[in-house]
Amino acid sequence: MGELAAEKHVKYILSVEKRKDDFQSVVMEHLRMNGAYWGLTALDILGKLNTVDADEVVSWVMSCQHQSGGFAGNVGHDPHILYTLSAVQVLALFDKLDVLDVDKVTDYVVGLQNEDGSFSGDIWGEVDSRFSYIAILCLSLLHQLDKINVEKAVNFVVSCKNMDGGFGCIPGGESHSGQIFCCVGALALTGSLHHIDKDLLGWWLCERQVKSGGLNGRPEKLPDVCYSWWVLSSLIMIDRVHWINKEKLVKFILDCQDTENGGISDRPDDAVDVYHTYFGIAGLSLLEYPALKAIDPAYALPVDVVNRIRLRKKLAV
Amino acid sequence: MAEDAEFEAKAGDLLCQFERILESDLLIDEIGFIHPSQFSKLKEEAGSSKSATSEIMGYDSSDFWLQDHKLGISTEILHPLYIAARNTFMAATRKYRSFCNQDAQTVAGDHLSELSNSFNIVESEVMKHSRALLLLSCDFGTAWNSRKFILSKKQHLSMYLDELLLSKLVLSYFPKSEQAWCHRRWVIKLLVQKGYTVEEILKKESELVERIAEMYKMNYRAWNHRCWLVSYMPREQVLNEVKKTRKWAALHVADNCCFHYRRRLILKILEDTTCTEISSGLTVDIYQMWKEELDWDEMLIKRYVGREALWIHRRFLLACWMIHFVSDPNTCEQEGEISNNFHFFLENELNLVNSCSFIPNDDFEDFQAQATYSGAYLLWLIKNCPKPNMIQLEEKLKACNLKTLLYKVCPEGRYSLWKSLMDSIENSH
Ligand SMILES: [Zn+2]
Numbered sequence: 453m454g455e456l457a458a459e460k461h462v463k464y465i466l467s468v469e470k471r472k473d474d475f476q477s478v479v480m481e482h483l484r485m486n487g488a489y490w491g492l493t494a495l496d497i498l499g500k501l502n503t504v505d506a507d508e509v510v511s512w513v514m515s516c517q518h519q520s521g522g523f524a525g526n527v528g529h530d531p532h533i534l535y536t537l538s539a540v541q542v543l544a545l546f547d548k549l550d551v552l553d554v555d556k557v558t559d560y561v562v563g564l565q566n567e568d569g570s571f572s573g574d575i576w577g578e579v580d581s582r583f584s585y586i587a588i589l590c591l592s593l594l595h596q597l598d599k600i601n602v603e604k605a606v607n608f609v610v611s612c613k614n615m616d617g618g619f620g621c622i623p624g625g626e627s628h629s630g631q632i633f634c635c636v637g638a639l640a641l642t643g644s645l646h647h648i649d650k651d652l653l654g655w656w657l658c659e660r661q662v663k664s665g666g667l668n669g670r671p672e673k674l675p676d677v678c679y680s681w682w683v684l685s686s687l688i689m690i691d692r693v694h695w696i697n698k699e700k701l702v703k704f705i706l707d708c709q710d711t712e713n714g715g716i717s718d719r720p721d722d723a724v725d726v727y728h729t730y731f732g733i734a735g736l737s738l739l740e741y742p743a744l745k746a747i748d749p750a751y752a753l754p755v756d757v758v759n760r761i762r763l764r765k766k767l768a769v
Numbered sequence: 067m068a069e070d071a072e073f074e075a076k077a078g079d080l081l082c083q084f085e086r087i088l089e090s091d092l093l094i095d096e097i098g099f100i101h102p103s104q105f106s107k108l109k110e111e112a113g114s115s116k117s118a119t120s121e122i123m124g125y126d127s128s129d130f131w132l133q134d135h136k137l138g139i140s141t142e143i144l145h146p147l148y149i150a151a152r153n154t155f156m157a158a159t160r161k162y163r164s165f166c167n168q169d170a171q172t173v174a175g176d177h178l179s180e181l182s183n184s185f186n187i188v189e190s191e192v193m194k195h196s197r198a199l200l201l202l203s204c205d206f207g208t209a210w211n212s213r214k215f216i217l218s219k220k221q222h223l224s225m226y227l228d229e230l231l232l233s234k235l236v237l238s239y240f241p242k243s244e245q246a247w248c249h250r251r252w253v254i255k256l257l258v259q260k261g262y263t264v265e266e267i268l269k270k271e272s273e274l275v276e277r278i279a280e281m282y283k284m285n286y287r288a289w290n291h292r293c294w295l296v297s298y299m300p301r302e303q304v305l306n307e308v309k310k311t312r313k314w315a316a317l318h319v320a321d322n323c324c325f326h327y328r329r330r331l332i333l334k335i336l337e338d339t340t341c342t343e344i345s346s347g348l349t350v351d352i353y354q355m356w357k358e359e360l361d362w363d364e365m366l367i368k369r370y371v372g373r374e375a376l377w378i379h380r381r382f383l384l385a386c387w388m389i390h391f392v393s394d395p396n397t398c399e400q401e402g403e404i405s406n407n408f409h410f411f412l413e414n415e416l417n418l419v420n421s422c423s424f425i426p427n428d429d430f431e432d433f434q435a436q437a438t439y440s441g442a443y444l445l446w447l448i449k450n451c452p453k454p455n456m457i458q459l460e461e462k463l464k465a466c467n468l469k470t471l472l473y474k475v476c477p478e479g480r481y482s483l484w485k486s487l488m489d490s491i492e493n494s495h
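The listed protein sequences derive, respectively, from chains A and B. The numbers in this note's numbering rise by one with no breaks, and the one at position 38 of the first sequence is 490. The numbers in this note's numbering rise by one with no breaks, and the one at position 280 of the second sequence is 346.
In short, the hints are calculated from the structure, not lab data. Ideal placement from N, C-alpha and C gives every residue a C-beta, glycine not left out. One thing to keep in mind: the hints can contain errors.
With a straight-line Cα cutoff of 20 angstroms, these simulated PhoX-like cross-link-like pairs (lysine-lysine) come out [what the hints assert, rightly or not]:
hint	chain 1	residue 1	chain 2	residue 2
1	B	260	B	283
2	B	269	B	255
3	B	194	B	214
4	A	650	B	485
5	B	474	B	464
6	A	650	A	599
7	A	650	B	449
8	B	260	B	220
9	B	449	B	462
10	B	255	B	220
11	A	673	B	242
12	A	698	B	270
13	A	673	B	283
14	B	161	B	255
15	B	474	B	462
16	A	663	B	474
17	A	663	A	700
18	B	219	B	194
Partial selection, computed: residues in chain A whose CB lies under 8 angstroms from chain B [said to hold, decoys possible]:
hint	residue
19	478
20	528
21	578
22	655
23	694
Just chain B, same shape as in the assembly (with noise of 0.2 angstroms):
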């Protein structure tokens, strides 16, 4: 039982303490939990200039290191820490929200600014103590949510904006939290809810994502809420996504995550492209954005040998292609030219792939599944191509002898996929 009681006691120390430096710095950036042994290292990077842990305590911590508004904590005191920080939040949200049930049923009286001003101590207590403990436990929904639920009853901006800063912050050292994420959305929905115009916000979200990406990469969970911003972006500022991606995604071509956004920013242009624009000749600047990332994703392909995430994108923009340039009339009859340029689309599309199929002696990996994923593609050409569009492709193929190309390429353990996708192509022709 004392032992008990001594855990909890000096638990509920660390938590103050913790507490106390979140307060006095409010612009810290990077979280870190460190091992003791790099405290003694820190010590000495630091020389003799004071580190801000022991401006704020008045002695050198050994649990905390805060300084340039970077915090590490120790790994051996995270368990304490954090059974402290759990238990005062999970008290603190219970009395908050008999609190919530109390004020409703007390319409008025003598009390009611005694009972109100308690209410808010309570209630800035939930928000202290679920910053604490979210810092420590990223995923733990309930803090969160206790967070939500104060929050959709205030008005002030500030109060919102400081929500995405914590967000951002425990992201800054769990960049997959699926629920700091969730929290950003929460937001910026209120946001919009309540008329705020949110352009920049996604703009700064935009960039967010990218430097979170770039720490861990093919965030999953990172990417999907970029992409999940592109449904509330004006038409510029996707358009401007395109273009500000493109380098990025040239960097970090094993990255499909990038590559998939860029294909969620191009469907969504092409989805907000009504028939009157179709006729008004936009059409043509958006053939021309699809014609430029072809030539893009060639280019890197044959720079980078091998890599699958570029070779998915460019099945992305045959089939677009063939959706939106070859089988629609309306394009086929304004832009004549486009749909001329079948015959050469295809002798291009051959080219790369005979190009990329050939496996030189040496034997090299990346050479070999460059050949595999060429390969691929020639299948996929082959199931999306339309029906009008089949004798001309059936041409190619034999001139070629393509087929016999599919086999030499086919890796083992997908001869029976590649086969039925043969044969059901054959079948349905």
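Isolated chain A, as found in the complex (with noise of 0.2 angstroms):
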């Protein structure tokens, strides 16, 4: 088996970062929020966050920011959600949450709750179980959870698990690893995982390993990196990780590395990306691959970070 190639990987994040001319990265400029998280976050599980000037990143993050208090994927675009908690996660990573002003982010998500305890997206009302661990995340990372209804808000999470344990979009909507991962995150953070039948939702995770060791996304698909990320974290949530092949797994991410010119792929010799570059790492720090910076399951966050974050909130109090 071979190894993690954790410079190459350094070197690839910081390539993508300077690259803008052709086609294909000039389309995904909208999320470009999303990508600095990923490739951020992964650079500091490789310890090489200090490569990057803070600065520079923290204020294109703040420029992101809307006047409703949300942050867009990018300047000069509409805010959404999903780039609020990416610019949240960015300002943790770098120990500069104290530049928000943290009363506008916490309305601005406040403002994204139903009145069945969901959370929309954006002003537009599009509703997503992802939306609501996203809300709970960021508000908790800013110490302000009791803005929302936690109660309602996990009440609708719970209304999205399906018969075979796992969790959909809204309810009714087909189990997804990815959503999976968002409900048990929003069930840990709100100490709600009482609401899951662990082995019922373990069974149905475990099944996601496929021969070659990779983890699919949902029956019937091929395995993807990513899922290494999003399976795994949830199965560490609920105490069910032993039920699946570790080795396998971690061979199988090193599978889809370029050990050439860096980068992971979603599939041994497919194109490499950032998204996957980084749920590859993260998906190793989870395995307790050596060398790798522990990250937190729920919080999605090096456990370093969190801890600095949690620490912040006793001395506070």
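Hints given; two lone chains; assemble the complex.
Right, here's the structure in full:
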């Protein structure tokens, strides 16, 4: 089995940030904030966040904030809860949460909660259980969770549960590993994991592991590195990770590396991208791969970053 | 600098051409990005007949190709075209927004008509450029939003329906575009709010999902949209959908999405069945529907060996049976026949498991998968069995020696899961 080409991945992530010329990278510009989160978190897990100019990133992040308090995916775009979380996470990585007007961001997120406890992604009203997780995590990072109706929020997430133990985007939506991660994360952050039948959900999640060792997102799908993160973190949160074969999964992720130019792809021999590079590295971190910083499965941030935030809260109280 | 200016001029020119084509053919129903080398092939195929592009522009373009309402865009020009579309749209939307703010401040004045005239121009610019941009970058949320903003101030049904056409066009070549699906939901919600009857639209939406699902298998976003539609459907329509999707599902037995959609429909029917309906015997119909689904699924399992989606569907049907027909005392009383069927049900399921757990010597992969799924299904049966029926089940398991079967078919890497499940089941009884 090969090893993690850590240095190459660092180089690759840094190069993506600078490459802005081809069509493939310009059409992704509307979600650059997500890209920043993926790339920077991966760098931090690799212990190389210091290679980035923090002030430059922070001022760019702040230039994406809208007057409503929410953040956009890039300068001049409309705000959305997806990018708002990424912005807060990036600031947390650099220990720069103090540049935020916390009340303003909080107001934005709180304003997106609906009567039934669900959250809209932005003012246009699309509802998705992902947005519930995002809202809850965002407010947790800002120590403002008490500003929303947590009970209703939890009830909505629970209403997205299916008979197979998994969760969908909306009540009655098909179970999907990505959605499951969000729903389990939301329940974990609110101390509501008792709503989950852990054996049942663990069973569904374990069946995502295919022969090659990789995990898929749903039945009958091909394995994909990004699900290493979603399935694995969910299994850890519900304490069922011992039900899968970890060694085989490590091997699968390592097989998806471009050992020459850096970066990780969805499957062996496919083209690499930042998204899968992050999820591959984050997955390896959950698998306790050597020399990687530990990542928190619910916060999706390095454990030391989360601890720093928790400590702040304690000191403030 | 000169180079930049040249790039910009060329890009702006491309955008003009693109928008002219879009305006001159409102019936374009498919767009594709094609490699320049394919252009000559298209020209050859067209023979002496002129392409619609040359008719619109007066010359043969090597950047766009339009014929029979299908538009091809050369991959060579995507980058400059996108840059021009993005910049032009962003400028227009900024202008429009500052107009809106101004408009709110200007209560009345001599220039009102002049103002509203130029306001209308800016508004139509935003609509025009956002369309061009979205056809190039389908998830550019700000562009979709700018359209929502303008539409929310309009009252014309035709404008809303145009949005459905635009997002349909986007989906014709970006079938997974989250924003395009989301835009459709926004339009439908608006129509419902405004009191339009949407039954016909829901029907068409459902058909659209099926067409797109045909192009791109296991498209989560598309099927999620279809699941979303169900909450707006009247009962008749739900029943109809159950009938209509059966054939498609049977032809796509690996597409778990379609089976999930059927589950969504069945649950919706169960949900909407009130107590009065239960006592009036409507459950017999529902029971009938459930039984048909179970038999149909068994037929498919036997025909298409080793398909995970079919077994997952069966798990659902089993759990559904346990919840709605076995443990509900009301139904038991009303439908004595149904509850007595537990014995037959069990017999049938165990037979199925038994026959599917057989692995022929030639070690065919599909049969191995089938055996694994049947074993997991047996576990599922044991886990979901209601307490009062457990003794009956235990006897059966012993008689058929089914626990050894479990160990036989358990795949490598699932031992710890299956063992834990067995242990926890045994401990709970
Ligand atoms: Zn992926």
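Hint by hint, here is what the structure shows:
A threshold of 20 angstroms between alpha carbons decides the hint, and for residue 260 of chain B with residue 283 of chain B the separation of about 34 angstroms lies outside it, so the pair is violated. Distance check on the hinted pair: residue 269 of chain B and residue 255 of chain B sit about 15 angstroms apart at the alpha-carbon level, within 20 angstroms; holds. This hinted pair checks out: residue 194 of chain B and residue 214 of chain B have alpha carbons roughly 14 angstroms apart, not beyond 20 angstroms. Of the supplied pair hints, the one linking residue 650 of chain A and residue 485 of chain B holds, its CA atoms being roughly 15 angstroms apart against a limit of 20 angstroms.
At most 20 angstroms may separate the alpha-carbon atoms for a hinted pair to count; residue 474 of chain B and residue 464 of chain B meet this at roughly 15 angstroms. About 29 angstroms separates the Cα atoms of residue 650 of chain A and residue 599 of chain A, which puts this hinted pair outside 20 angstroms; it is violated. As the CA atoms of residue 650 of chain A and residue 449 of chain B are separated by approximately 13 angstroms, the hinted pair is consistent with the 20 angstroms bound. For the proposed pair residue 260 of chain B and residue 220 of chain B, the alpha carbon gap of about 11 angstroms is at most 20 angstroms, so the pair holds.
Between residue 449 of chain B and residue 462 of chain B, the direct Cα distance comes to roughly 15 angstroms. Compliance with the 20 angstroms bound is thereby established for this hinted pair. Only pairs whose Cα atoms come within 20 angstroms are accepted, and residue 255 of chain B paired with residue 220 of chain B is accepted, the gap being roughly 15 angstroms. At roughly 15 angstroms between alpha-carbon atoms, residue 673 of chain A and residue 242 of chain B fall within 20 angstroms of each other, so this suggested pair holds. Between the alpha carbons of residue 698 of chain A and residue 270 of chain B the distance comes to roughly 46 angstroms, so the proposed pair goes past 20 angstroms and is violated.
Proximity of residue 673 of chain A to residue 283 of chain B is assessed by CA-CA distance (about 10 angstroms); at most 20 angstroms being required, the pair is judged to hold. At most 20 angstroms may separate the alpha-carbon atoms for a hinted pair to count; residue 161 of chain B and residue 255 of chain B exceed this at roughly 28 angstroms. Annotation: proposed proximity of residue 474 of chain B to residue 462 of chain B holds, straight-line Cα distance about 18 angstroms (limit 20 angstroms). Under the criterion of a C-alpha separation no larger than 20 angstroms, the hint pairing residue 663 of chain A with residue 474 of chain B is consistent with the structure, at around 18 angstroms.
Between residue 663 of chain A and residue 700 of chain A the CA atoms are separated by roughly 9 angstroms; this keeps the pair inside 20 angstroms, and the hint holds. Using a Cα cut-off of 20 angstroms, the hinted pair residue 219 of chain B and residue 194 of chain B holds, with the two alpha carbons roughly 17 angstroms apart. Taken as an interface hint, residue 478 of chain A checks out: its beta carbon lies about 6 angstroms from the nearest beta carbon of chain B, inside 8 angstroms. Here the hint on residue 528 of chain A is kept, as its CB sits about 6 angstroms from the closest CB of chain B, short of 8 angstroms.
Interface restraint check for residue 578 of chain A: the shortest CB-CB distance to chain B comes to about 5 angstroms, inside 8 angstroms, so the restraint holds. With a least beta-carbon distance of about 6 angstroms to chain B, the hint placing residue 655 of chain A at the interface is held under the 8 angstroms criterion. The beta carbon of residue 694 of chain A comes within 6 angstroms of a beta carbon in chain B, closer than 8 angstroms, and the hint placing it at the interface holds.
Hints 1, 6, 12, 14 from the earlier list are contradicted by this structure; the remaining hints agree with it.
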